[in-house]
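Asks: Residue numbers (my numbering): 1 to 363.
If you're looking for bench data, these hints aren't it; they were derived computationally from the structure.
Heads up, a few of these hints could be off.
[Claimed, not checked] Here are the computed lysine-lysine pairs in the BS3-like style, where the Cα-Cα straight-line distance is at most 30 Å:
(1) K122 to K267
(2) K122 to K192
(3) K53 to K98
Nothing here was measured: the structure is a model prediction, and the numbers come from that model.
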Amino acid sequence: MKSLLAPLDDLARFDEIIDVRTPLEFAEDHIPGAFNAPVLSNEERVIVGTMYKQVSPYEATRHGAALVLRNIAHHLDTTFADRPRNWRPLIYCWRGGKRSGSMTTLFNMIGWQARQLDGGYKTYRRSVVDRLATLPREFDYIALVGHTGTGKTRLLHALRDAGAQVLELEGLACHRGSLLGAWPGRPQPSQKAFDSALIGALAQFDPARPVFVESESRRIGAITLPDALLERFHRGACVEIRAALDERVAFLLEDYGHLFDDRSGFKHQLAHLIGLHSREQVTRWQQMIDDDARSELFHELLERHYDPAYQRSSRQHFTELAHAQRFTFRPTAGDTLDQAHALLAQLSVSVSADEPGIAHAST
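Input sequences plus hints: build the corresponding full structure.
Replies: Okay, here's the thing in structure tokens:
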């Protein structure tokens, strides 16, 4: 019988990629572009696994097969009801086993040119891990370094709009990277999903042009950055972004004002600063939350907590900071795109591979 297996390198040859794992497995991570058509629900997979351990492998396999066939039949009547005769789907499960094999076999019996991903998701995940160790090293980075509130992320967005290559790590991680950096109403992705998104972002860049990135430490919330990326941009060129203290406070009022929507949660977050600051100091900051003293609170947090922390960490992580160019940014102004163009001109960085430019900021 002709092999129904396809290697990972053949992804682009197929019309669609189908992930037949449970919704929970799919949510943790999946091949980019794949959609979920589970042959076992979250609950059904638990039931089959329990039967395998407590009853017998035979009974579990028999019951699982019945569930899988019912679910495939349901997908045929709904999800795949309009697929054409010459449809070519690639199907995968956790390791290229019975779940994806069952759907692949049935689809070929129907007449579709379905194939099963050899090794399943595990093969894909292994390729992601391998690429995380090599792909980040193919690019030259320019890191935006600066105190909290200088609007580095906002400047990154403006640089992207100006045509520069931008790696927005905090956007991929759904977190601003600080104690108060959680995005309201949006959980962080899993580490595996972040890794996949990072590889997808890097794969779109031109190695002949620099990639702008915001200064980050090893962790962004619960996400850990790969060593190859950290080593590359921590040792690369950087630009120190500066902004007046009043501008920084105004920026925080815009971007972090939502923290006052949940004052109890905000005070709980500040409680984590006890140990770095006296209990009396933290209690005073918590009282400012109750008093709605927003500007005063952000002003003190910057001067007493974030600025000293920046002085300690930036010199440690960014080896070229002493030679960095300086750029004054007005994060709350309405001309951020013009400011981004000014920075690109200052660095002599082109926004097109066809234009002359340098890959590193000059010192």
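Asks: List in ascending order the numbers of the hints, as given earlier, that are violated by the structure.
Replies: 1
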